[in-house]
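The listed protein sequences derive, respectively, from chains Z and H. Just so it is clear: in the first sequence, position 176 is 175 by numbering that gives the first Met the number 0, and no numbers are missing. Just so it is clear: in the second sequence, position 123 is 122 by numbering that gives the first Met the number 0, and no numbers are missing.
The set of hints was computed from the structure by calculation and includes no laboratory data. Since we're looking at a predicted model, the values are computed, not measured. Every residue gets a Cβ at the ideal spot worked out from N, C-alpha and C, and that includes glycine. You can take every hint at face value.
One side only, chain H facing chain Z, incomplete, derived with CB under 8 Å: (1) Thr17; (2) Leu27; (3) Phe46; (4) Leu72; (5) Val116; (6) Gly128; (7) Leu148; (8) Ala166.
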Amino acid sequence: MPQVTARTGTAAPGGGQKIGLLALFWLFLRAGLNFGGGLAITGLLMDELVERRRLLTRPQFLSLYGLARILPGGTLTAHAIALGYRFGGLTGSVVALAGVVLPVLVPALALAALYEQLRGSPVLDLVPVTLLPAGVALLFGAVLTLGKEIARPSLELAIAVAGFVGVLAFGAHPGILLMLGGVAGAVFLRGEKGSG
Amino acid sequence: MISLDRLLALLFTANVATFGSGLATVPLLERTLVQDTDSLTLDQFLFAFTVGRVTPGPANLWVAGLGYMLYGLTGGLLSAAVVMLPGYAIVPLSAGYRRLEHLSGVRGFSRGLTAAVVGVMLATAAGIGRTTLTSVHAVLVCALTLTLLHRLRWNPLLAVVTGAAVAAALNALSG
Numbered sequence: 000m001p002q003v004t005a006r007t008g009t010a011a012p013g014g015g016q017k018i019g020l021l022a023l024f025w026l027f028l029r030a031g032l033n034f035g036g037g038l039a040i041t042g043l044l045m046d047e048l049v050e051r052r053r054l055l056t057r058p059q060f061l062s063l064y065g066l067a068r069i070l071p072g073g074t075l076t077a078h079a080i081a082l083g084y085r086f087g088g089l090t091g092s093v094v095a096l097a098g099v100v101l102p103v104l105v106p107a108l109a110l111a112a113l114y115e116q117l118r119g120s121p122v123l124d125l126v127p128v129t130l131l132p133a134g135v136a137l138l139f140g141a142v143l144t145l146g147k148e149i150a151r152p153s154l155e156l157a158i159a160v161a162g163f164v165g166v167l168a169f170g171a172h173p174g175i176l177l178m179l180g181g182v183a184g185a186v187f188l189r190g191e192k193g194s195g
Numbered sequence: 000m001i002s003l004d005r006l007l008a009l010l011f012t013a014n015v016a017t018f019g020s021g022l023a024t025v026p027l028l029e030r031t032l033v034q035d036t037d038s039l040t041l042d043q044f045l046f047a048f049t050v051g052r053v054t055p056g057p058a059n060l061w062v063a064g065l066g067y068m069l070y071g072l073t074g075g076l077l078s079a080a081v082v083m084l085p086g087y088a089i090v091p092l093s094a095g096y097r098r099l100e101h102l103s104g105v106r107g108f109s110r111g112l113t114a115a116v117v118g119v120m121l122a123t124a125a126g127i128g129r130t131t132l133t134s135v136h137a138v139l140v141c142a143l144t145l146t147l148l149h150r151l152r153w154n155p156l157l158a159v160v161t162g163a164a165v166a167a168a169l170n171a172l173s174g
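I would like the entire structure built from these sequences, with the hints used as guidance.
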């Protein structure tokens, strides 16, 4: 494992300090292995990069996080790309991204392969009665987590109710409802200080 | 069955439109892949989703499992690639961060979208629940898992494995 050389000049394309590619990969892989989800991974990266290795200041780390957050298409992946790019250019971004996504990519592909292999075998008959009812709980859990933010009378609650009724009662396409919700937010929620 | 290029276009659009929330893409993808094009069964879809949720790492990459089920390893890797690539927009945008952040319309859009996601997600969960939670056992297992996950804050993998083990035991007991 190459040693990390903190606070040594500004040779990296992002203007930041240096960390070896292998160390970078290992750091993001360990963060990606965190089961706590996006925020837990971000917390771990901040602890490692800001507090322990002092490769970035907290505002630098958080401004990249903020940018990743408002970009469409995945906060965690964009943040990993930004941090990796800062420490090792394009190669660094690929290395950091690989580290953080492998812990989900490998099991997702391997278990999908296993599922396809087992199709038609009696083992798979167990999946609908064991794994899937528990899996549905994940969906409801997600609704509860997301819903906490808007569980008070507000335009946001009205948008949520409209989305629910639109899909369930009118069979409207979810994509259209999500876009309408976003547009309503852009028009009516722009001035407010909100939870998000 | 959906073609590979349409699948990739769908995943790309769904991911970008929902700001990369792996959860928010569920209603969109379920409608297109399960209901409209019959490309996957609901069981396959839910299996891929569950695997993605119980593994660590970025949530939106669960779609790699869907890609694999439809088009093998190539489909899986390409599916992962199309949800990761938009992240590269961060490289040119890093410099202009503050300008974008203060666009109140962008923040409002994001909040409105999140609100709509809650309603649409609940509708999707209810729809999927209607076909999956068809026995008393299944309802009990779902409620147990939800309690472990949400009230007791267990990690998702442990909660799902426990729920599935209880379900297996209940099924074995009832013959």
